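Chemist: Take a look at the letters that make up each chain.
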Amino acid sequence: MGLADRNRPRQILGAIAGGVVGMAAMSIAFALLEVETRYEVGIFAGIARFVMLPGNLLFGFLVFVAFGAVVWPLLFVLFEDRIPGGPDPARRGLVFATLLWVLFALTGSGEVTGATLLIYGSLTLVGHLAYGFILGAVYGRIRPDFSVSEVRESREVP
Amino acid sequence: MWGYLLGLAGVVLALVAAGLAVRRASSSRPMADGGFLTGRGTSYGKAFGVARWLTTLDHKDIGLLYIVFGVVAGLWGGIDAMMIRTELVTPPADVWDVETYNELFTTHGITMLFLFVTPVFTGIANYFVPLLVGADDMAFPRINAIAFWLLPPSLLFIRAGLVTEVLAKVLQAGGLVVEALFALEPPAIGWTMYTPMSIEVGNPQVDVFLLGLHLSGVATTMGAINLVVTVFTERAEDVEWADLDIFSWAIVTMSGLILFAFPILGSTLVMLLLDRNFGTTFFLSPGGGPLLYQHLFWFFGHPEVYIIVLPAFGLISLILPKFVGRRLFGFTFVVYSTLAIGVLSFGVWAHHMFTTGIDPRIRASFMAVSVAIAVPSAVKVFNWLATLWYGRIRLTAPVIFLLGGISIFIVGGVTGVFLASIPVDLLVHGTYYVVGHFHLILMGIIPFTMFAASYYWFPLLTGRMYNRRLARVQAVVTIVGGFVAFLPMMVLGMEGLPRRYAQYPPGFTFLNQVSTLGAYLIGAGVVVWLYNVAQSLRVGPRVEDADVWDLKETDQFSREWQWFERRLEERRGELEGDD
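As given, the protein sequences belong to chains A and B, one line each in that order. Residue 253 in the numbering used here sits at position 46 of the first sequence, with consecutive numbering throughout. Residue 167 in the numbering used here sits at position 153 of the second sequence, with consecutive numbering throughout.
Hints are computed from structural coordinates only; laboratory data are not their basis. None of the values given here were measured: they were computed from a predicted structure. Among the hints, a few may not be true.
[Unchecked claim] Examples of chain B residues toward chain A, derived with CB under 8 Å: (1) M96; (2) I98; (3) Y534.
Glycine included, every Cβ here is placed at the ideal spot set by N, Cα and C.
For reference, chain A alone in the conformation it holds in the complex (with noise of 0.2 Å):
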């Protein structure tokens, strides 16, 4: 699939809307692990740190949703056939999602030590797992060249 498909405005929409729905979901989930964790996590300074702006919370935070947003869902549209959980893209969406959360759990992570960060991590792995499976979700539903069956004969039906 070369960039000149015809298919190629259609994916890019999907994944863009795909990537706005995900970081939503991820957004409010941290927003809430943040303020119920008494700032503890310091989970926006985390993020900030993961997109190489340790210490502006509030640009870091919209780099961070300007990535998710734009950036990854492209890259996912670009790599798509190479990552692995085919061919439904809610599958490859979590794999996706998950070398993402290794970056952010490697660079973001900064002071986060101890019993902490179990919460930590445990807590925005799951958000990560979700915006890759709602990136993949959506973008599976508008792409015009998935179908759904195809997905479902390939699953082990017992």
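Since chain A is already given, all that's left is putting chain B on it; use the hints.
Modeler: For chain B alone, coordinates are given in the frame of chain A:
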């Protein structure tokens, strides 16, 4: 400030545009599977739209709304629990401060009891009781809708401290400081809201919280009245009381308990609000004193335990026989034990107060009733075991969950008998023994039967099949997690570790860490369940034959499945008509 608002408007616009794009894309696309819209909740050709879900009066829709609401609240309360356990990984309060820890166990308890378990069981009852008794709908569909729609504001009130704080922080990030939004802090008074502390705490959120709790009580009572009237008056002509299924019996008893227990909670909450704001002294020493509060609270609170556990018993009694290929052993005895628990549950409240110094003669009588209530509970367990005996057990995910639930309930129940005895209670009251005991019962049996029901009825609810292998994995992980999380608590309690403390002596570290590991296993199980449900809704194999579980073979193809079969046939007829 303006830049911030503009940004917000942009995000809203983008969401609307994305929504419209999804709508257009799906309406114009030919469907490979015969026009069946994927990933959009239930099938059966219902239209998709926000307006439908906001205005629906259909008992099945309202049932689903209840279940979704309960799941959201349960996830929230579950995260509270994970955070509590995270704090307890190390002896000092180094993850969060003591105050945050107190808030966490308060909101965890309230959320789980009032906003997770009660709504989910009401939702299951809403969906299935009318189908099981052959009614067209609930007796009062509009009251049904109102009862549900009181719950979201109630959740918002109960957890307002957190929600307003998020709002305040977001506004602050945009340069707007609203002091009022920071004033509400999550309450830290424990889920029992014991006086005098709950009266003396200044935090205004406590008042909002009490109002929210009152609202949820009103909603629950309305739902209960509706369920009772539905079963009494809307039964099909061929459904006599003797033919009433076991789940509906449990729901009728639960609703009866609600009718007698929740008004007490409502009155108590109003009195507490008056004490806090208008200087009445219902629960202060010149008035009734803190013991009056405890009597009133537990006169509601102990039946509440059975309000939430009776539907779980009902689900076990209903689902277990289907996968064993036998009828429920001693059906009548299971019904009578349900009713007996319902009556006795009002006579055991003072066992929560053995250590308060109340008159020993009162204590002794409450000990007798508390021990006696184990009998009908044990009757149920023996009936389930007898049902399994000589049965052809199919180890599907629902059955694994039910077996796990029964085993964990036995441990929780037996430890409860010890707790009912005054001398033992005096020793372990206020320790982790109590926490372990009631979590083995509440966490063990209630969510396990909910998971079992979600799998058992998944084909009926969604028209699709779930991923069975993943479901079995989830069942095993969750059951193991349950035992690993709560058994160490029994030991911790017997060794004397008090509950509700953010800090503890280093000697208790290992068992606390084991318990935390269990909590994370349960959390992992929940994530797997969520994934299975979401993924099966999208791409699960469609159900063609209504007899998913081969129930016709053993003559157990009950009313709800017969209804499902009719729906499938109608749907098939419509599709053929379209061609």
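Chemist: None of the hints should be skipped; say for each whether it holds.
Modeler: Here is how each hint holds up against the structure:
| no. | hint | verdict |
| --- | --- | --- |
| 1 | M96 | holds, 6 Å |
| 2 | I98 | violated, 10 Å |
| 3 | Y534 | holds, 7 Å |
This entry does not satisfy hint 2, going by the numbered hints stated previously; all others are met.
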